[in-house]
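Starting from the known structure of chain A, fit chains B and C onto it as the hints suggest.
Chain residues, written in single-letter form:
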Amino acid sequence: MMSEARAEEIQRALASNSPMNRFRSFMKGVWSHKKGRAGLIILTALGLLAIFGYFFAPYSPYNTNSLAFQPPSYQHLLGTDYEGADIFSWFLIGTGTSLVVGLSIALLSAFIGVLVGVVAGYFGRQVDDVLMRAVDVLLVIPGFPLLVILSAFLPPTLETTIFVLSILSWPFLARVVRSQTLSLKERPYIMASKLSGLNGMQIIIRDILPNLLPIIFINAIFLAVGGVVAQAGLAFFGLGDLRSVNWGTMLYFFQAEDGIVYRAWWWLLPPGLGIVILGIGANFLSNAIYEISKASKGNGK
Amino acid sequence: MPRVISMEGDLMESSTIETNELTKDFINKRGIIRRESRTTRALDQVKLQIKEHEIFGLIGESGSGKTTLGLALLKLMDVDSGQIIFNGNNIMKYTGRQLFGFREKTQMIFQDPYSSLNPVISVYKSIVTPLRVFHKELKEEEVLNKAIETIEMVGLTPAEQFLNKFPNQLSGGQRQRIGIARAVINNPDFIIADEPVSMLDVSLRADILNILLDLKRKFGKSMMFISHDIAVTQYVSDRIAVMHLGQLVEVAKSDRIINNPMHPYTKSLIDSIPVPDPKKKWNLDESKGQISEYVNEGKNECSYANKCPFVMDNCRKERPKFREVEKDHLVACYLYE
Amino acid sequence: MTTSTIMEVVDLSVDYVLPDRTIKAVSHVSLDVNKGEVIGIVGESGSGKSTLAMTFLKLLEYPGKIKGGKVVYYGSEGKSDVLKMKPSALRKYRWKEVSMIFQSAMNSLNPVMRIEDQMGDVMVEHGYKEDEVDERIDYMLQLAGLTKNVRKSFPHELSGGMKQRVNIALALSCDPKILIADEATTALDVVVQRQILTRLLKLKDDLSISLIFITHDISLVANIADKVNVMYAGKIAESGPSNEIFDSPQHPYTKALLASIPSLEQEKSVKGIRGTPPDLSEEIKGCPFKDRCDSVFDRCKNEVPELKMVSQGHYAACHLYGR
Numbered sequence: 033m034m035s036e037a038r039a040e041e042i043q044r045a046l047a048s049n050s051p052m053n054r055f056r057s058f059m060k061g062v063w064s065h066k067k068g069r070a071g072l073i074i075l076t077a078l079g080l081l082a083i084f085g086y087f088f089a090p091y092s093p094y095n096t097n098s099l100a101f102q103p104p105s106y107q108h109l110l111g112t113d114y115e116g117a118d119i120f121s122w123f124l125i126g127t128g129t130s131l132v133v134g135l136s137i138a139l140l141s142a143f144i145g146v147l148v149g150v151v152a153g154y155f156g157r158q159v160d161d162v163l164m165r166a167v168d169v170l171l172v173i174p175g176f177p178l179l180v181i182l183s184a185f186l187p188p189t190l191e192t193t194i195f196v197l198s199i200l201s202w203p204f205l206a207r208v209v210r211s212q213t214l215s216l217k218e219r220p221y222i223m224a225s226k227l228s229g230l231n232g233m234q235i236i237i238r239d240i241l242p243n244l245l246p247i248i249f250i251n252a253i254f255l256a257v258g259g260v261v262a263q264a265g266l267a268f269f270g271l272g273d274l275r276s277v278n279w280g281t282m283l284y285f286f287q288a289e290d291g292i293v294y295r296a297w298w299w300l301l302p303p304g305l306g307i308v309i310l311g312i313g314a315n316f317l318s319n320a321i322y323e324i325s326k327a328s329k330g331n332g333k
Numbered sequence: 177m178p179r180v181i182s183m184e185g186d187l188m189e190s191s192t193i194e195t196n197e198l199t200k201d202f203i204n205k206r207g208i209i210r211r212e213s214r215t216t217r218a219l220d221q222v223k224l225q226i227k228e229h230e231i232f233g234l235i236g237e238s239g240s241g242k243t244t245l246g247l248a249l250l251k252l253m254d255v256d257s258g259q260i261i262f263n264g265n266n267i268m269k270y271t272g273r274q275l276f277g278f279r280e281k282t283q284m285i286f287q288d289p290y291s292s293l294n295p296v297i298s299v300y301k302s303i304v305t306p307l308r309v310f311h312k313e314l315k316e317e318e319v320l321n322k323a324i325e326t327i328e329m330v331g332l333t334p335a336e337q338f339l340n341k342f343p344n345q346l347s348g349g350q351r352q353r354i355g356i357a358r359a360v361i362n363n364p365d366f367i368i369a370d371e372p373v374s375m376l377d378v379s380l381r382a383d384i385l386n387i388l389l390d391l392k393r394k395f396g397k398s399m400m401f402i403s404h405d406i407a408v409t410q411y412v413s414d415r416i417a418v419m420h421l422g423q424l425v426e427v428a429k430s431d432r433i434i435n436n437p438m439h440p441y442t443k444s445l446i447d448s449i450p451v452p453d454p455k456k457k458w459n460l461d462e463s464k465g466q467i468s469e470y471v472n473e474g475k476n477e478c479s480y481a482n483k484c485p486f487v488m489d490n491c492r493k494e495r496p497k498f499r500e501v502e503k504d505h506l507v508a509c510y511l512y513e
Numbered sequence: 344m345t346t347s348t349i350m351e352v353v354d355l356s357v358d359y360v361l362p363d364r365t366i367k368a369v370s371h372v373s374l375d376v377n378k379g380e381v382i383g384i385v386g387e388s389g390s391g392k393s394t395l396a397m398t399f400l401k402l403l404e405y406p407g408k409i410k411g412g413k414v415v416y417y418g419s420e421g422k423s424d425v426l427k428m429k430p431s432a433l434r435k436y437r438w439k440e441v442s443m444i445f446q447s448a449m450n451s452l453n454p455v456m457r458i459e460d461q462m463g464d465v466m467v468e469h470g471y472k473e474d475e476v477d478e479r480i481d482y483m484l485q486l487a488g489l490t491k492n493v494r495k496s497f498p499h500e501l502s503g504g505m506k507q508r509v510n511i512a513l514a515l516s517c518d519p520k521i522l523i524a525d526e527a528t529t530a531l532d533v534v535v536q537r538q539i540l541t542r543l544l545k546l547k548d549d550l551s552i553s554l555i556f557i558t559h560d561i562s563l564v565a566n567i568a569d570k571v572n573v574m575y576a577g578k579i580a581e582s583g584p585s586n587e588i589f590d591s592p593q594h595p596y597t598k599a600l601l602a603s604i605p606s607l608e609q610e611k612s613v614k615g616i617r618g619t620p621p622d623l624s625e626e627i628k629g630c631p632f633k634d635r636c637d638s639v640f641d642r643c644k645n646e647v648p649e650l651k652m653v654s655q656g657h658y659a660a661c662h663l664y665g666r
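If you read the protein sequences in the order shown, they are chains A, B and C. Here this note's numbering is used: the first residue of the first sequence is 33, the next is one more, and so on. Here this note's numbering is used: the first residue of the second sequence is 177, the next is one more, and so on. Here this note's numbering is used: the first residue of the third sequence is 344, the next is one more, and so on.
Don't read these hints as lab results, they were simulated from the structure. Every residue gets a Cβ at the ideal spot worked out from N, C-alpha and C, and that includes glycine. The reader is advised that the hints may include incorrect statements.
Have a look at the derived ranges for each label pair, beta carbon to beta carbon [as the list claims (entries may be wrong)]:
| # | chain 1 | residue 1 | chain 2 | residue 2 | range |
| --- | --- | --- | --- | --- | --- |
| 1 | B | Lys315 | A | Tyr322 | 35 to 43 Å |
| 2 | C | Pro406 | A | Val308 | 31 to 39 Å |
| 3 | A | Ile309 | C | Pro406 | 28 to 36 Å |
| 4 | C | Leu426 | A | Leu139 | 51 to 59 Å |
| 5 | B | Lys315 | C | Tyr405 | 50 to 58 Å |
| 6 | A | Glu323 | C | Lys644 | 37 to 45 Å |
30 Å max Cα-Cα, derived DSS-like pairs, lysine-lysine [unchecked claim]:
| # | chain 1 | residue 1 | chain 2 | residue 2 |
| --- | --- | --- | --- | --- |
| 7 | B | Lys227 | C | Lys378 |
| 8 | B | Lys457 | C | Lys378 |
| 9 | C | Lys611 | B | Lys483 |
| 10 | B | Lys227 | B | Lys205 |
The shape of chain A in the complex, shown without the other chains (with noise of 0.2 Å):
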């Protein structure tokens, strides 16, 4: 029989395992990884300024009482646009909004690809046959003519671009997910959860996804800033809501309206600098996590 103290032992054991903490613990890794605290910082950066952004911002984005092409100055910390709306205002607010669609991409299109890809590797056959047709269709296809195109057709709303960009991101999650199903379900851990009488969305539920969250987890913040870049894009060339306050329409009415010829840097340079920034904080997070994960699983050789 178990003494009273052992089985406290115990208890207390098994509760340290509990999600939440594995969670901290994983994040205590990121966070002792030189890239990963460097990407944290700068992902928590961009995502306290498009949380909190909108009540920094010194004026409204539409409040175009100043001079036009002011370069930055006390009044204006980044300077005026063709209008005289402040831009340190329109980036604030701005970022908010790009992330957030970023977000909404990612989370939709991996949402859809994990789901494709892990049901079409598990179960093969004619279920992987029917699932992978249709992936390859939407990667032959020319993303980028494609979006211009569906865009000018559809109601030009935030939520459309969302959806339009969604549906052509999640197919390479997709395939990535498919094939490192393929050779997990091959693992004799696989073969015992069989053995263990587990069916198979409990093998997926409980032996395959939590193997694909690193990957899963990477290919979404890249889906994200895709998804920023993309919406960035197809702003840029005048598809979308330009009413919207994000970098995109910054870049369209930078270009539209002749900022370039007024040399505004100061216009450009917000819109452009967080897209990079995103890049980088994204990719060594993504980095720390891949290596991480690595470490972690290695095979005790």
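Chains B and C only, in chain A's frame:
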């Protein structure tokens, strides 16, 4: 009812699992322009019987079909024809609930301790899976107690040091013990151990073998022990079957296989085993032998005919049937007709 | 050393220097290889046996680092330290003086080249003339127990045993004086293993070369080696003539290892060695085997045992012997 067969005079033993003419082909398609398909017969009319409370050794070289046989017996792979009888029931057509019931009674111990445990699942969660699936009525505390008991049974003490660990925090030997714990926790009737020690260091193998022997002694488990290592197999097994290119060629008690091998293939196999004794240096004259590659293409012939020094016309006309040459010693070879 | 010594390893230490830790893979190993001798090096994974073999050919790469010692080769042009060889000298030394069959040799053939082209390339690279190469390929394949029609084959058309024989033919193609086989038959079946090893031993006699045979399989070593070195935790635990090692093992590790393998001949029950080998990235105080040893005593905990002679040519690194 399990079929009852006569063994050792009046002692009656029943079999846990038996197969009848089990056959499985693999078809390889190759060539891009001219599609050729090549059939490899992985299981060629395999007939065997594993008794209750017995460790049944299966030896053969790589590609002999021994792992395929293991997978087929546990219904992890479909076969083309033949029968598998488990506890008296033909399980060939089992699906759904029946298959679930069969799963409850069988388990497997895997070769590779590194890939047989899911790296993201803790030891505790790994080993109690069978309990949770097949015995939903058990309370959390009962599951925990059973887990602790089982972990200590496989020699990992104190158990609480291991419950919480993840596979990458354990050594190869410890992982293999966890693999065994997972296989036995639900008290199955039949376990297949597929090369359970071949990836472990020599000094760690003995303990794993002794655990398997203990399981048999204490709980009367039936087990099939698949290995290419004859010395290891005879250490744990009561009987040994020798497999060559999908065909069983000889079945006998372990010591008879070792001391009195009859089939020419078994003889060469036993002869080739290194013995830790420098006085038994190998004879270098036999080094002239050529190696060539043969596969069992499903012809009705002895699978060893292409290599056998005693090959006769008969061997290629029809495959030899099992024949009881001495008591409980079955050989499929025309030399003993 | 004696006059027939062909290679001498002196006090060799190798570290793997990783960003966060240093693994002492081999520490202070010395051994001699005589002409025409079969040396067995036995050890479990992590014992340093493969690392040791790599240094014989100066194949060690980052993060491996030689910490000290030398590998002296006595060639036709006098003696030289392999570890100090320049790339040009090294190119001549590998294959022509010492060659190696690897553990992963099954996959070490180029999949898109015919066997004859692969062998020809090696020979031409090492100074054989084009016209003699052709004949030599046949000769080498025949030595390794293969027929001529293997020449035109691609590696994927050959079985594991045949590929391993091609590797033997390749390794012997430039008349080396020493052949190192690192777990060369581990992946093969026993019947094929025996065929290949008997062939190798025959070649050793015919061509009077030395063989260094590295394996985890102590039984196998008993069957083929003249001298045996048992490695544990990067050190030689015991070394001596193979008769002595198997008839009267001295080091508790050797004894335990022999007691842990099932034998066909005796009805004995086997016993594993408890615990696991020490972590070589940490400082080991005293004897590396002390935590797993049944005869451990106080001295083992603090003092590292040196290799001491227990009888003629038979050494053991254990405090039980030679005070």
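(request) Please test the hint of 51 to 59 Å on the beta carbon pair from C/Leu426 and A/Leu139. (result) holds (57 Å)
(message) Please verify whether C/Lys611 and B/Lys483 have alpha carbons no more than 30 Å apart.
(response) violated (34 Å)
(request) For the range 37 to 45 Å, tell me whether the beta carbons of A/Glu323 and C/Lys644 fit it or not. (result) holds (39 Å)
(request) Measure nothing beyond the straight line between the CA atoms of B/Lys457 and C/Lys378; if it is 30 Å or shorter, mark the hint as holding. (result) This hinted pair holds, its Cα atoms lying about 20 Å apart.
(request) Hint says 50 to 58 Å; check whether the CB-CB distance for B/Lys315 and C/Tyr405 agrees. (result) holds (55 Å)
(message) Quick check: does the Cβ-Cβ distance between C/Pro406 and A/Val308 fall within 31 to 39 Å?
(response) Holds - the Cβ-Cβ distance for C/Pro406 and A/Val308, about 35 Å, lies within 31 to 39 Å.
(request) With 28 to 36 Å as the target window, see if A/Ile309 and C/Pro406 comply at their CB atoms. (result) Holds, since A/Ile309 and C/Pro406 (Cβ atoms, about 34 Å apart) stay within the stated range.
(message) Would the hint linking B/Lys227 and C/Lys378 be met if the CA-CA limit is 30 Å?
(response) violated (55 Å)
(request) Starting from B/Lys227, check that the Cα of B/Lys205 is at most 30 Å away, please. (result) violated (39 Å)
(message) Against the range 35 to 43 Å, how does the distance between the Cβ atoms of B/Lys315 and A/Tyr322 compare: consistent or not?
(response) holds (41 Å)
Violation of the numbered hints given earlier is confined to hints 7, 9 and 10; the remaining hints are satisfied by the structure.
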